[in-house]
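**Q** Using the sequences provided together with the hints, build the complete structure.
There are 4 protein chains.
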Amino acid sequence: MTGKKAWSGRFTEPTHPLVERFNASLSVDKRLYRSDIKGSIAHVKMLARQKIILNKESTAIVRGLKEVEREITCGAFGFHDRDEDIHMAVERRLTEIIGAVAGKLHTARSRNDQVATDFRMYVKEATLEITGLIRNLQQVFYKQAKKHIDTLSPSYTHLQPAQPIRLAHWFLAYYEMFDRDVSRFLDSYKRTDVMPLGSAALAGTNFPIDREWVASQLGFSAVSRNSLDAVADRDFAVEFLFCCSMTATHLSRLAEELVIFTSSEFSAMELPDAFCTGSSIMPQKKNPDVPELIRGKTGRFNGHLISLLTLLKGLPLAYNKDMQEDKEPLFDAHDQLVSILTLSADMLGALRVDKERLAKRSEQGFMTAVDVADRLVMLSVPFRSAHEIVGRLVRHCEDRGITFTDLTDAELKGMDPKLARIGVGDLTPESSADGKKSVGGTSRQSISARIKEMEKEMKKW
Amino acid sequence: MTGKKAWSGRFTEPTHPLVERFNASLSVDKRLYRSDIKGSIAHVKMLARQKIILNKESTAIVRGLKEVEREITCGAFGFHDRDEDIHMAVERRLTEIIGAVAGKLHTARSRNDQVATDFRMYVKEATLEITGLIRNLQQVFYKQAKKHIDTLSPSYTHLQPAQPIRLAHWFLAYYEMFDRDVSRFLDSYKRTDVMPLGSAALAGTNFPIDREWVASQLGFSAVSRNSLDAVADRDFAVEFLFCCSMTATHLSRLAEELVIFTSSEFSAMELPDAFCTGSSIMPQKKNPDVPELIRGKTGRFNGHLISLLTLLKGLPLAYNKDMQEDKEPLFDAHDQLVSILTLSADMLGALRVDKERLAKRSEQGFMTAVDVADRLVMLSVPFRSAHEIVGRLVRHCEDRGITFTDLTDAELKGMDPKLARIGVGDLTPESSADGKKSVGGTSRQSISARIKEMEKEMKKW
Amino acid sequence: MTGKKAWSGRFTEPTHPLVERFNASLSVDKRLYRSDIKGSIAHVKMLARQKIILNKESTAIVRGLKEVEREITCGAFGFHDRDEDIHMAVERRLTEIIGAVAGKLHTARSRNDQVATDFRMYVKEATLEITGLIRNLQQVFYKQAKKHIDTLSPSYTHLQPAQPIRLAHWFLAYYEMFDRDVSRFLDSYKRTDVMPLGSAALAGTNFPIDREWVASQLGFSAVSRNSLDAVADRDFAVEFLFCCSMTATHLSRLAEELVIFTSSEFSAMELPDAFCTGSSIMPQKKNPDVPELIRGKTGRFNGHLISLLTLLKGLPLAYNKDMQEDKEPLFDAHDQLVSILTLSADMLGALRVDKERLAKRSEQGFMTAVDVADRLVMLSVPFRSAHEIVGRLVRHCEDRGITFTDLTDAELKGMDPKLARIGVGDLTPESSADGKKSVGGTSRQSISARIKEMEKEMKKW
Amino acid sequence: MTGKKAWSGRFTEPTHPLVERFNASLSVDKRLYRSDIKGSIAHVKMLARQKIILNKESTAIVRGLKEVEREITCGAFGFHDRDEDIHMAVERRLTEIIGAVAGKLHTARSRNDQVATDFRMYVKEATLEITGLIRNLQQVFYKQAKKHIDTLSPSYTHLQPAQPIRLAHWFLAYYEMFDRDVSRFLDSYKRTDVMPLGSAALAGTNFPIDREWVASQLGFSAVSRNSLDAVADRDFAVEFLFCCSMTATHLSRLAEELVIFTSSEFSAMELPDAFCTGSSIMPQKKNPDVPELIRGKTGRFNGHLISLLTLLKGLPLAYNKDMQEDKEPLFDAHDQLVSILTLSADMLGALRVDKERLAKRSEQGFMTAVDVADRLVMLSVPFRSAHEIVGRLVRHCEDRGITFTDLTDAELKGMDPKLARIGVGDLTPESSADGKKSVGGTSRQSISARIKEMEKEMKKW
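Protein chains in written order, with the numbering used here: chain H, 1 to 461; chain C, 1 to 461; chain G, 1 to 461; chain Z, 1 to 461.
Don't take each hint at face value.
For identical chains, the list gives no copy identity; a pair is met inside one copy or between any two copies.
[Unchecked claim] Below, computed lysine-lysine pairings styled on DSS-like, alpha-carbon distance capped at 25 Å: (1) Lys56 x Lys418; (2) Lys437 x Lys45; (3) Lys460 x Lys190; (4) Lys456 x Lys143; (5) Lys124 x Lys190; (6) Lys51 x Lys418; (7) Lys190 x Lys452; (8) Lys437 x Lys51.
Everything labelled a hint here was simulated from the structure, so no lab data went into it.
**A** Listed below in structure tokens is the structure:
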């Protein structure tokens with residue numbers, strides 16, 4: 001078949017040269033070569049087991065395929081311009097090595113089920129690589145949390161100081177967020193872990209194949225149940241892209257916070273030089289390039305997701321050439337997510353925190369106001385009234401430029417007699433945080449309990 | 001508190017009137033009223049159980065809340081322009097009904113955890129409604145499949161006739177597709193089924209609340225483990241939107257096929273008049289409006305997904321007002337998906353198939369070519385060579401305007417001696433289909449086996 | 001025709017009740033009623049001018065249409081469930097008012113060209129409304145710039161202090177940005193300003209109509225040149241949505257800066273209470289809700305854009321029912337953009353700047369480093385070397401906790417003899433800014449020149 | 001500077017090796033080398049003209065830059081791993097060639113204005129290349145239209161036969177569509193054609209530069225008016241991507257129609273073998289791969305657009321590293337659009353039409369029904385009544401399996417006396433089409449008029 005298309009039998013005109021380049025997916029899909037060859041080996045062994053081809057044919061093909069794999073891996077493989085895709089490149093070379101018997105490899109299968117199988121194998125591996133990297137990042141958050149359980153910090157809503165928290169709590173928020181990402185990726189994995197091979201072009205095959213055996217060889221948990229659907233389905237790829245978008249969105253939230261918290265006005269945290277760059281014109285600059293670039297890549301993931309959703313919109317069954325466009329966005333999403341997860345873990349691990357500044361700032365901004373209100377509530381003031389009283393108290397302090405601890409008993413009484421009875425002055429960031437003993441709260445007790453749970457969870461990873 | 005903002009204590013200027021309208025989410029979130037009131041009732045009962053408020057206070061509040069719910073449900077509730085959101089509307093009315101004690105309801109919680117809880121309750125219900133409708137649609141495919149197990153039909157790749165299939169196979173392809181959708185929605189449900197209530201503004205609360213008890217009352221399987229994350233998290237909403245997009249994409253594929261298959265050139269199927277409309281100018285038209293509108297709605301789902309992903313990009317923890325924009329796209333996606341799933345099921349159930357035309361067309365277009373090739377392979381011709389021989393055979397027939405069954409033995413021998421030995425002439429669409437005995441194939445045997453499995457699956461729904 | 005569909009002639013079954021609701025666009029498109037009636041009046045007058053109908057028929061129809069418009073405007077119009085869309089609602093009511101002669105209105109047109117015409121009229125008006133609001137916002141930036149020409153401020157790249165600027169420069173950056181938006185909207189307007197009416201269903205009409213006359217009546221600059229394209233084209237709507245997305249993106253950049261600059265750590269600016277809200281639980285909070293909500297709405301615009309692009313993907317000519325989904329995203333984008341433009345202008349106008357803090361901060365952070373480097377360059381040091389010298393100088397100062405003005409001559413000489421010759425100590429934020437005399441620079445001179453140009457530009461608006 | 005970062009002066013730790021790779025944009029932006037060097041040459045010449053550097057320095061740098069360009073063009077340039085981006089690679093090599101004087105090149109500019117300038121030069125060129133290719137495609141439509149002015153064809157709405165048209169009309173619909181695309185690209189070009197160089201980092205420069213002179217050298221029509229905006233602005237890139245999306249959407253509509261019209265059921269058109277491929281398993285297949293792949297690429301463009309819009313959402317002024325992500329989607333959009341425009345033109349030019357089949361089909365499906373109705377209207381029947389009468393007539397014919405031409409006078413009179421007076425039987429596709437004499441209609445007269453106009457337009461391209 002060397003030099004001829006796999007399908008040229010009935011055609012009278014040659015392919016337009018531009019079309020050849022346009023149709024070719026080799027530059028993109030050669031990345032699937034390992035999956036492709038692994039899949040072919042399992043397929044051909046099964047053909048022999050089922051007496052569809054001879055044992056010696058199978059042996060020759062397997063030997064040849066291994067040689068092809070070796071050549072590609074070590075860079076000795078000569079890809080040709082006329083190889084349409086990785087499947088054709090492998091088979092072309094196989095023919096060169098073992099001769100016409102190579103033509104038996106394609107028995108009982110089609111490129112439609114072959115590429116779907118290769119692609120699923122790739123996505124499964126990519127999923128596991130990514131969940132491993134997310135786990136790694138979660139461990140960094142866990143470590144930082146342990147380190148900063150006694151670091152008091154403002155927390156924010158609307159980027160305005162809200163309540164004092166233990167900084168561990170902030171790190172652990174991200175632990176939880178990324179935990180959901182792992183769960184989502186693994187759920188997606190289940191739907192990817194279904195083998196389409198054996199669906200042939202779309203109708204199944206005339207040969208007595210054993211799909212379950214091939215699936216077990218390739219590590220698939222199940223075989224697809226409808227050949228038409230099996231070759232038309234790219235849901236697993238879209239779902240993988242969605243999981244990537246979600247994780248990238250989380251990384252963008254983290255990145256945004258790092259950019260803000262390391263600004264000179266906040267100066268709450270510092271990124272090591274190793275994660276920053278300077279300016280080609282302003283010698284004093286130290287720019288948080290890594291978090292910015294991570295944030296900037298969010299759009300790329302959303303774009304890839306839209307790309308594939310758009311592709312599938314209104315696409316008739318079963319295979320259509322449009323689907324060739326499925327791999328490039330997924331490969332890029334995979335690469336990019338691996339890259340930003342790795343960097344995020346390294347960067348977070350090296351993040352420096354200005355504990356003193358955070359501690360000091362925790363005392364400002366009336367962040368214990370809710371605690372004052374809660375103490376009033378404990379004296380039976382309805383929460384709404386307590387909220388109002390404390391609102392007036394804040395305004396009173398702001399007008400005078402003082403904080404809660406500066407208030408005299410007389411002033412407190414003047415505002416509301418109950419205020420004098422609740423110890424406004426002894427509220428510290430620490431006591432405020434440690435009041436939050438509810439499950440998931442920011443008290444030392446709640447955080448420690450959560451950390452213990454995490455340690456158990458981590459053992460199961 | 002009537003007429004005052006829940007937070008007006010420290011403010012000196014009134015809100016800009018445009019801002020009031022702009023900030024208000026009531027017109028959108030009033031839809032959450034049932035969840036909101038249910039959540040409040042559980043919360044207030046817990047407050048009493050934990051001795052945070054008095055039993056009689058709890059009783060009064062619960063009674064009041066039930067009255068509010070009744071008023072909203074029967075349309076007697078007067079929403080005010082100054083009610084910022086559903087939470088404030090409910091509390092304002094509660095105060096009118098039961099007086100100042102209403103102010104105790106907001107003890108130990110914040111709108112941040114309240115709205116997150118309400119929204120999750122809504123999404124959980126919506127998810128179950130949708131999976132119910134998908135199951136319903138799957139049953140329609142199942143029924144049509146049973147009805148059309150003996151209808152032969154062309155199948156398509158690239159919208160070109162590929163191989164004969166039993167039409168049941170086409171219906172069942174969609175069954176499988178939508179089965180994945182249910183699985184995806186249910187996985188998403190798990191991550192939604194976590195209660196944030198008790199996280200308060202973002203740090204947890206000073207009161208000795210019992211979150212697990214509230215969760216059990218509200219039907220949540222778990223409570224959130226980090227208060228900061230709990231109020232900042234909208235992943236469940238994005239994931240719901242993604243699941244909707246995926247299902248809508250599947251419906252768009254179905255809709256596209258219906259538009260094409262009911263075109264007068266295909267005339268393979270017919271939509272009942274009840275699902276079509278005519279033209280205001282061309283009296284002869286019968287337009288497949290329903291599938292077209294379904295297809296046209298795909299973009300709406302993708303748009304909503306992008307909307308929320310964009311919103312979350314780079315959003316610092318914890319709550320930010322941006323997040324108020326989370327509900328409208330989700331509510332619309334929910335409504336629209338309910339609508340198109342319902343219509344799709346009705347439409348598919350009423351779909352008429354032109355069996356004769358499909359049967360006749362299955363005999364055309366050399367769709368048994370792969371069977372010819374496979375028979376050559378069984379005579380030990382390598383598949384690639386067999387493919388080429390049959391390619392030439394097709395061209396030969398096309399040039400003469402004949403089909404495989406018209407070929408004489410002499411012609412066959414002339415092309416390749418083996419061709420004369422394999423019974424080219426006795427290949428029918430039916431025998432072709434029934435050759436595909438592999439799991440998931442289009443043979444009567446494979447389809448029947450799958451239908452039996454389905455029947456078992458359906459019992460578990 | 002009352003109670004019957006405009007197209008029911010050849011149908012034998014009634015429409016499915018769900019389908020009726022599903023197909024109906026009335027709740028959305030009734031917003032087009034003014035355009036619709038204006039278009040109908042011009043059309044019917046033309047029919048009479050061209051002797052296609054009688055003058056008295058035209059007069060009756062025009063009178064009836066005006067009555068219908070009056071009814072809708074004053075709320076007296078009774079929309080019926082069975083009115084499919086605004087066109088049918090108007091015609092149904094017209095028939096009720098003037099009788100069977102109403103049936104002549106639809107001569108020589110179709111809903112396909114009618115809705116396209118109505119929609120374009122709407123988009124044209126919306127475009128002008130929006131450009132007016134952008135102009136208004138630009139004026140606010142202009143006014144603030146004039147007010148703050150002598151306010152010195154840090155500028156930022158990577159959210160790190162970069163160089164001192166006059167704050168006017170920051171306001172004017174947004175002036176320029178929004179100027180491009182107006183230009184883009186107006187370019188889009190040109191492509192919208194083409195009248196499809198007269199294309200009928202898709203082929204043109206058998207009647208001797210005068211399209212140019214109708215166009216002139218309706219204020220269209222041109223008539224469409226291909227009837228097939230004219231009814232299939234929704235490019236103008238997509239382009240309008242893109243222009244909205246771009247403007248919303250600009251508003252999101254502004255909003256983000258306001259959120260950051262009004263944070264307590266930056267405290268560079270303050271939003272009046274009228275544009276903020278408080279917290280239902282934290283009485284001390286003052287949250288920048290308006291900019292946050294503006295920022296949060298960005299996704300909505302991008303979502304609408306994707307929605308319509310997805311809709312048009314792969315849509316065959318000419319009209320398809322999918323296109324009914326074109327209006328809702330556009331109407332919402334229009335409303336939302338009007339709302340956030342209006343609020344942004346009010347909010348920006350009321351924005352308070354902490355001049356002292358900005359002035360003080362302009363002196364910190366070595367922001368004149370580039371000026372030091374430039375002065376070295378003026379002594380013939382290659383820029384790259386100058387940059388390095390100043391980099392070391394910054395490190396030296398940071399290590400000692402001092403600023404440039406604290407450096408002694410000895411220290412300067414120690415670093416590099418040339419440093420002692422260039423007057424490092426007399427560099428102020430003001431002198432730094434005023435050194436930037438290049439066109440578009442931040443010197444008082446450059447800014448004043450630009451303001452003068454603006455005043456000329458504004459006269460032409 | 002060889003081996004050192006342009007900004008390393010104040011840094012104490014080396015860059016993390018992963019970060020180096022992550023930050024590096026060279027692999028993407030080296031594509032800008034021509035623009036970069038052209039821009040640098042103009043800049044350095046200006047520096048000398050303005051006496052900022054010496055003439056001999058300028059001469060040396062220009063000579064060096066030309067050598068660098070030559071090296072890159074001929075492939076002799078050795079890109080280093082440590083070259084962060086194309087600007088640094090060029091300057092590093094320049095230093096190697098001409099020594100320390102190279103350091104003067106960066107006087108009075110920053111990478112911020114440099115990259116913005118390079119990128120705009122690139123986008124301007126790309127825009128003109130694309131508009132050229134669209135013009136080329138329009139010419140193909142024009143030629144096919146001239147060829148098929150006498151080919152009668154059905155036209156479609158809802159993919160249902162609507163009215164007979166001349167096929168030229170269909171080709172010309174696409175001519176108009178792509179004409180808007182050119183107009184949109186050229187409007188976008190205007191906003192791209194503004195030079196940011198001279199804005200330096202963000203504030204302008206201390207040197208007496210002449211921006212207008214540089215702009216004239218580089219072919220820019222204007223210089224930017226605000227340095228802060230100039231370096232923060234990527235609107236031109238987003239707008240270019242939008243224009244690409246719009247054009248790709250048009251190509252997807254065309255592609256969809258080609259896939260459908262070349263299906264064996266439609267068989268209205270045929271793609272030459274050169275634009276199709278076969279199947280690796282089904283020897284009889286001829287698949288319309290090229291239009292499918294074009295259609296499949298639509299999502300890629302929309303994805304790129306979303307990518308950049310997401311990136312810019314909420315991005316503070318001025319430059320942020322996120323913006324480095326702006327080039328890859330744009331370069332890909334450019335390449336892909338060039339490719340699909342070129343192929344579309346070749347494919348359309350080679351498209352074969354089955355005139356006989358189209359002619360025959362034009363006679364079926366009651367496509368002249370609207371003409372019958374119009375003739376009734378000319379007898380003063382209100383259009384709505386006429387529509388109903390013809391609706392019944394269609395049903396009558398369908399029930400009897402006959403067409404309009406088979407109707408007897410008696411039958412016609414039976415339906416409605418007026419039907420017998422209007423010559424139902426002599427309505428042909430040709431007479432139907434030629435009745436559509438309105439501007440933009442499908443009559444021979446209207447089409448010919450439009451073609452004459454086009455020929456005038458084309459002369460001005």
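**Q** Compare the structure with each hint and give your call.
**A** Against the structure, the hints:
With identical chains, the CA atoms of Lys56 and Lys418 are at most 25 Å apart between copies only, with a shortest distance of 23 Å across copies and 94 Å within one. Taking identical chains as interchangeable, the C-alpha atoms of Lys437 and Lys45 lie at most 25 Å apart only when they sit on different chains, with a minimum of 20 Å there against 61 Å within one chain. In the homo-oligomer, the alpha carbons of Lys460 and Lys190 lie at most 25 Å apart both inside one protomer (19 Å) and across protomers (20 Å), since each shortest distance falls under that limit. Proximity of Lys456 and Lys143 under a CA criterion of 25 Å is satisfied intra-copy only: 14 Å inside one chain copy versus 48 Å between copies.
Taking identical chains as interchangeable, the C-alpha atoms of Lys124 and Lys190 lie at most 25 Å apart whether they share a chain (9 Å) or sit on different chains (22 Å). Proximity of Lys51 and Lys418 under a CA criterion of 25 Å is satisfied inter-copy only: 21 Å between copies versus 91 Å inside one chain copy. When the C-alpha separation of Lys190 and Lys452 is checked against a cutoff of 25 Å, the pair qualifies only between copies, where the shortest distance is 23 Å, while the shortest distance within a copy is 29 Å. Taking the shortest alpha-carbon separations for Lys437 and Lys51, only the inter-copy value of 16 Å comes in at or below 25 Å, while the best intra-copy value is 69 Å.
In terms of the numbered hints stated before, the structure departs from none.
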